[in-house]
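Chains R and A, in that order, are what the protein sequence lines are. Each residue of the first sequence is one higher than the last, beginning at 38 in the working numbering. Each residue of the second sequence is one higher than the last, beginning at 38 in the working numbering.
To be clear, the hints were calculated from the coordinates, so they are not data collected in a lab. A few of these clues could be false.
Copies of the same chain look alike in the list, so a pair counts if it works inside one copy or between any two.
The calculated PhoX-like cross-link candidates involving lysine-lysine, where the alpha carbons are at most 20 Å apart (straight line), are [unchecked claim]:
hint	residue 1	residue 2
1	Lys45	Lys172
2	Lys155	Lys71
3	Lys207	Lys112
4	Lys136	Lys157
5	Lys207	Lys78
6	Lys157	Lys179
2 protein chains.
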Amino acid sequence: MNKHISDKVINRLTLYHCILTDYIEKQVEYISSKQLASLLKIDDSQVRKDISVLNNSGKSSVGYSVRELRTSIEKNLGFSKNKKAFIIGAGNLGMALAKYDNFQHYGLNILALFDIQKEKIGKTVNNKLILDINKLPNLSSKSNVDIAILTVPRQQAQAMADFLVNANIKYIWNFTPTVLSVPEDVQVWNENLMGNFLQFTYNI
Amino acid sequence: MNKHISDKVINRLTLYHCILTDYIEKQVEYISSKQLASLLKIDDSQVRKDISVLNNSGKSSVGYSVRELRTSIEKNLGFSKNKKAFIIGAGNLGMALAKYDNFQHYGLNILALFDIQKEKIGKTVNNKLILDINKLPNLSSKSNVDIAILTVPRQQAQAMADFLVNANIKYIWNFTPTVLSVPEDVQVWNENLMGNFLQFTYNI
C-alpha cells in the first residue's frame, strides 16, 4: 500500500465491495462498470476511474470478474492487515458493533468489550468477553491493542478518553457526540452521525 | 437555507456544535477560533472560514459568543426543521439509535420502531413503540413520514428496502453493509462504517 488513495475513492471502493459480495452470493461471475454505477447512481466513468487505481487484471469483454475485482479491492485497501481493537462501553451500540460479523472480514479484530457496570462484566457477546474497564491497561499492553472503539455515554466520553490515552491507546474511533481532547500522538476518528444526517437532509 | 454549504463544512460545523454544547454545560461564555481549531487539530484559518458562512454576529475581541455561535450553526444547518423518521429493525443498533436523545436536538424526530419479531412488538424503547412492520405503510402515510433508518440484518436489507419504497418512503438512511437498489425518486444515504474505518486505518 504505497500509493495514496483518497478518502472518497476508499469510500466508493468499499461500496463496490458490498455489491461484489452480494453478487458472489448470487453466483454472478461478471459485472460491468455500468451496473456498479447504476446501483450507486453515479457515472460509470467514475467507476472505471476508481477501479483503475487497483491494477485489477480481471477485466474482459463481458465486464470485470466479480471475484478478482473483490480480491483486488481487499488487497489495495488492506483488508488482510489485522487491526486489533477493544470496544469501550457494552451498551446497545457497543453490543451492535460487537455482533457485526462483517468487521472481521475487513481485518478489524475485536478482542473484547469493556464496561464499568458490574452486572455486565463476565458476560459474552458474539464470543467476546465483557471485561472490567480497569483490566484494560494491562490487557492492551499484553495483547498489543492500540485501537479503541468508544461507545460510552456523552457525559463520560472525555474522562474515558483520558483513561484510554493513559493506557497507551493511540487511535480512538469515536461514536460519541463529543469532540475529544487528546495529546498530539493520539488520533481520533469521529463517527459524526449527526453531521452525516444533516448533510443528507440539508437539501430536502 | 438558500446558500450552499459543502458536506465537509457541514461536518465540521456539527463538530463545532458538539464543542459549543460542552462549553455551555461548563458555563464558558466565549471561545476563540484557535480553541476550536486545536480541539479538532485543524488550522484556525479553516475554522474562521467555516464560521464566515454563518453570518454570525456574536464575535468580539474575546472570541465568539458560545451561545450565539451555537444558535447560528443550528439556524444555518436547519436543526429546527422537523424531520420525522421510523427506525426499521429493533435489534441492538436500532435500539441504540432510538435511545440516542441527541437526535431530537438535531430535528430528527423518531416516531416509532418496526420489527418482524413478535416478542419485540408492543414494547417501548425510550418512549417509542416497537410496531409490527406490516403497520408501516398505513402509519407512514397517516403521519407523513418519508425517512426510514434501516438497521436490519444484511440478508434482509434489499427486501425491506423494496417494502419501504412501496410504502412511499423517499429517504433511506442505510446502516446495513449493502448497496440498495431503489427507484430514481428514492434517495439512499449510506452510513458506510467500514469505508470510514478503512479510510482511518489506511495509513496506519
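Which of the numbered hints above does this structure break? 1, 2, 3, 6
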